[in-house]
Structures are given as structure tokens and as C-alpha cells.
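If you want the building blocks of each chain, they are given just below.
There are 2 protein chains.
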Amino acid sequence: MGRKTIDFPVWLDDRVQHIEAVLDQLLPQETVVPESLHEAMRYAVLGGGKRVRAALVYAAGEAALQSGTPASAQEIGLDHAAAAVELIHAYSLIHDDLPCMDDDTLRRGRPTVHVQFNEAAAMLAGDALQPLAFELLGMMPIAPALIVQATQLMARSAGSLGMVGGQAIDCDSVGVALSKEQLQQMHSMKTGAMLEASVLLGGIVAGAGSAVRQGLEDYAAAIGLAFQVVDDILDVTADTATLGKTAGKDAAGNKPTYVSIMGLDGSRELLHALHAQAHAALLPLGPAGTHLGGIADYIVGRDR
Amino acid sequence: MGRKTIDFPVWLDDRVQHIEAVLDQLLPQETVVPESLHEAMRYAVLGGGKRVRAALVYAAGEAALQSGTPASAQEIGLDHAAAAVELIHAYSLIHDDLPCMDDDTLRRGRPTVHVQFNEAAAMLAGDALQPLAFELLGMMPIAPALIVQATQLMARSAGSLGMVGGQAIDCDSVGVALSKEQLQQMHSMKTGAMLEASVLLGGIVAGAGSAVRQGLEDYAAAIGLAFQVVDDILDVTADTATLGKTAGKDAAGNKPTYVSIMGLDGSRELLHALHAQAHAALLPLGPAGTHLGGIADYIVGRDR
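Sequence lines, in order, name chains A and B.
The end of the first sequence is residue 423 by the working numbering, with every number in the run present.
The end of the second sequence is residue 423 by the working numbering, with every number in the run present.
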């Protein structure tokens, strides 16, 4: 455990810097027509973000490989998969921030895309990031059958039974009393689906067998929910400057949250249980799961 | 030619009815959670539309097969590809109609999605249709390497260097004087890319060789542009009731069109040249290209 606490921040910082460079390279340059669209896409994706999803892809890829340095093809494959999940995440934030949705003006401490550009540009930037994510998966230098698995997983996780579906339930729930079960379903779709997809994509790219995939799935389910519980806790305990986005937004908008349903103490108890579940799921993976464990600790302990 | 003029409308009508049934089956039912999202997605996709893109997939698939009835796997593959291009088209219409874009209230003679539901629902329905299109391609019962080709083609055609890129240029061009070349680039991205993708997808699913693919590409380039020229002509010559959408919209919005740049007569001359190019590209395909020829005639002759 001593080794992990020293190494994990170094590993995470390295991965965050690495995915930033990968995204910078894979996104069309601002000099490519249409320049304004590419400028908005790059503004939305680059220069910020916790990169939790990319880190999950890399950590799961390492865990599934069960060895030291991944082969070159797998490295490129993980880069593309990590970039793809970050593009889907960025597009969802752009659209969520639009006036017809959350109407947010601040994101990662900067003006949101529709404030910096305009609403049409923001919608189109999001619309263009989504197919780019699928294009990046298609460019992975791995077996076509694995690419198809990856594409299917991301399509389902991003669609009406995943991320967008959860967002739709969230929209329909403003001012509505949800049960804990309904809230969990909403979040497992809205946030959990793409977090879980990130973990499983790492496993697919690394050619994980079914036993490892099961461990990854169990781990992913736990941290997917934990992530949202932390978000809800931070919405009431953190301030806007620390968060880099408007604090108290969900409470003010009468949106159901874990805190509004279970209270702050109940939410913290749930969080600790999910944290333990995540670590338990990693036990069969042995030392290869160290960085996944580090990400679980990071998610639970984050303050923004 | 006598045979074609009798048979083509019957074939087209059959394909339009068929893709309607396929879409009805492949879209999530309104009883599936989240019901409101699936209702909006089905409203946007079903019950209308010329289904030109689906027809192109089927006709190109037939042309590439060079034989009678396609095998079952290829039939299912063509159904999925045809449905996928119609979903991408439907999503683009939903987003184009939003207030921050064209702000249109009428589409296919019915209220647009954001009028029938609300803006957030319309944006999310579009956002969810896009990954569903990729999911359908991934479900095609053909070789994984061909699925990856299809996915890549659709991702590029729908993205910032294709459909969405053309839309962005269109948005940036309101009130700006475009040259004929700039207008063609915009339209070849905005409308042409997905029409061309529809043709090429049919070829990929049917396992077309490089010679046939070249013929399909040349045909697709010509009808892609012809389609937009007709749209621009109809915008000034047809009335709203016939179009099923607001006529005169582009002229009133000071948007550059073929008619505004080349005049009505010049636009009609260009249209006839593109029509001839499309038929010339089909000559090497022989009788197998009959329905593609029929679609070219249909696109040039349509009144809505």
C-alpha cells in the first residue's frame, strides 16, 4: 500500500499529460476548414478536465495485460479508446451546458462553449465530437472483431439506454420526487454507463478474457455510482471556485440528488460501501489492478 | 428504358415501405424507459420523409451484388445500413430545426420535434439517434473488417469534415457572399457527404470490388450535388404546402443558394449536367445499376 500511495499520483499525472497530448494530436487543427467548428471542438476538449475516463481506459488496459509495457499496437489502441471516451464526455458537457438544458456559463473555470462561441457553434461542436469518437475507435490497430465490440459498447453506453437516456430522465425529473432506486437508475445511465464503458474498453483493447472482464465490470459498476455520489456531495459542500463550475446548482434547481434523498451522512455511508466494493472487485486481478484501485481512491477523495 | 419507367416507382415504393417497417422495429419502443426520449426519437424518424438515403443503400447494394436476390445476411446488413443513414439524417434535421439553428416549426408537414416536445427533448433525441446509427452498423451480420469500413465511412461523413462541417460553414455564411466553388464545398459536405456515404455503404455491405466502388463514388458525387441544387430551386419555385416545410426560407434568411449565385436558369443547367454525369457513371454497372439510375431521375424530377 505504501508503494501505491507514492506512485499513483505520479502515474495519474503522467496519464493526464499524455492524453492531453493525444487529444491535441487527434483533434483536427484550428487551421482546417471549417476553422470555427474545429476551434470550438478544441476549446471544449483541451485544456482541462480530470480525465478520469481516459485514466480508467489506461488503468484497465494495464490490468488486463497483466504484464509490463504494453505492445505498440495496444498502446495506440488504448490512446484511441481513451481519446474516444474523453470526446464523448466533452460533447455531453457542451450540450448539457446549453440554455435549453442546464444553462450553465462556467465549466472547468472557463466560459462554457456556447458562451465563448454561440449556441449553434456549441451544438455543432458536440454533434461533430461524437462521430469523431467512433472514428478513433475504428482506427485502433487491433483485430476488427475487437473494434466492433468496442464500437458496440460505446454506442450503447452513449445512447438512449445509456448516457443520453440518463440525461433525459434527469430532465424529466426536475421537481419530481425520485426513490433511491430511480435515482440510481438515472445515474447509472447518465454517468455510470460511460465510466463503465471506459473500464471495459481498456479490457477489450488489451484482449482481456472473460474472468478479467467480469472483475472489470464489477469494479466499474461500483465506481460509476461512487462518482455521482461524490458529485452530489460536492454540490452542497464545495464552493464554486474549488469546483470550477457553479456550486449548489442541483440543489437550487430542485433536482433530486443522493444528498436530497439520503442526506449528507447517508450519502457518505453509501460512498464508503461503494469504495469497498470497487476494491473487492479488484482482488482477483492482483497487483495489475493497482492503478484501478488508485483511481477508486481518487474518485472517492476528490474535492472538485 | 420502358421497363425502368414502369418498375422504378413500384420498387421505390416497396423500399420506402420496407425501411419504414425496419426503422419501426429497430428503434426502441415508446414503452421502454426513458419513454419520453424514445417517443421523441420515434416521432422524428417514423412516418414521413422521402427515404432517399435508404433507397440509395438498397439500390447500391443491388448494383454491387450484380445478381438477383441478395443472401439473407446481406439483406439484413443492407437493412441496418439503410436504417443507420436514415437515423443520422433524422438527427441532423432535429438539430437543424432548433431555434439556435434554422428555427423551423414545420417538417414533413408536421410540427418539428422541439415544437411537438421541447428543446431539451429535441436535442437529446438527436444526440441518442447518432450512436444508435453506429450500433446498427455494428450489428450487421457481415465480416468485422467490412463493419469497420462502414463505421469509418459513416463517422467521417457525419463529422466535422462532412455533414456537421458543412452545417457549420452554412451557419457562418449567413449574409456572406460565397463563390460557386465555396457553395459547392459547403453542400458537398452538408448534404453530399451522407448521400455519398449511403451509396458507398450499400457497396461495402454487398462486398463490392474496387471497380464497382469507383462507379458508385462517381455516381454518388453527382447526385449529392444535384440533390442540393434541386432543394435550392424548390425553395424559390414551390409552395409551403407542397414542400411540407417552409418555402422561401433560405432566400428570406439571406442564405447563399445555387439560385442566388447562378440564377434559376443557371441552376437548372447545372442540374442537367449533374444528371448526365450520374447516368454516365452507371454505364459500367450495366442493368444492375437500373435502380440507381431511377433514383437519379427521381432526385432531379422531385417537386418536394
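The hints are simulated quantities; they were obtained by calculation from the structure and are not laboratory data.
All C-beta atoms in this analysis are idealised placements derived from N, C-alpha and C, irrespective of residue type, glycine included.
Treat the hints with care, since some could be wrong.
Label-pair ranges, simulated between beta-carbon atoms [as the list claims (entries may be wrong)]:
#, chain 1, residue 1, chain 2, residue 2, range
1, A, V293, B, R229, 21 to 29 Å
2, B, E149, A, A262, 47 to 55 Å
3, A, G405, B, G328, 43 to 51 Å
4, B, E149, A, A330, 18 to 26 Å
Not everything, but these chain A residues come out facing chain B in the computed CB check (under 7 Å) [what the hints assert, rightly or not]:
#, residue
5, L131
6, C219
7, Q271
In this structure, is the beta-carbon distance linking V293 (chain A) and R229 (chain B) contained in 21 to 29 Å?
holds, 27 Å
Interface restraint verdict for Q271 (chain A) against chain B (beta-carbon cut-off 7 Å):
Holds. Min distance 4 Å.
Take a look at whether the Cβ-Cβ distance between E149 (chain B) and A330 (chain A) falls inside 18 to 26 Å.
violated, 39 Å
How does the Cβ-Cβ distance of G405 (chain A) and G328 (chain B) compare with 43 to 51 Å: does it lie in that range?
About 50 Å separates the Cβ atoms of G405 (chain A) and G328 (chain B), which means 43 to 51 Å holds.
For the hint on L131 (chain A), just tell me whether its beta-carbon gets within less than 7 Å of chain B.
Result: violated, 29 Å to nearest chain B Cβ.
Look at the Cβ atoms of E149 (chain B) and A262 (chain A) and judge whether their distance stays inside 47 to 55 Å.
violated, 38 Å
Given C219 (chain A) as an interface hint, is its Cβ closer than 7 Å to any Cβ of chain B?
holds, 4 Å
Violated hints for the displayed structure, listed by number in ascending order: 2, 4, 5.
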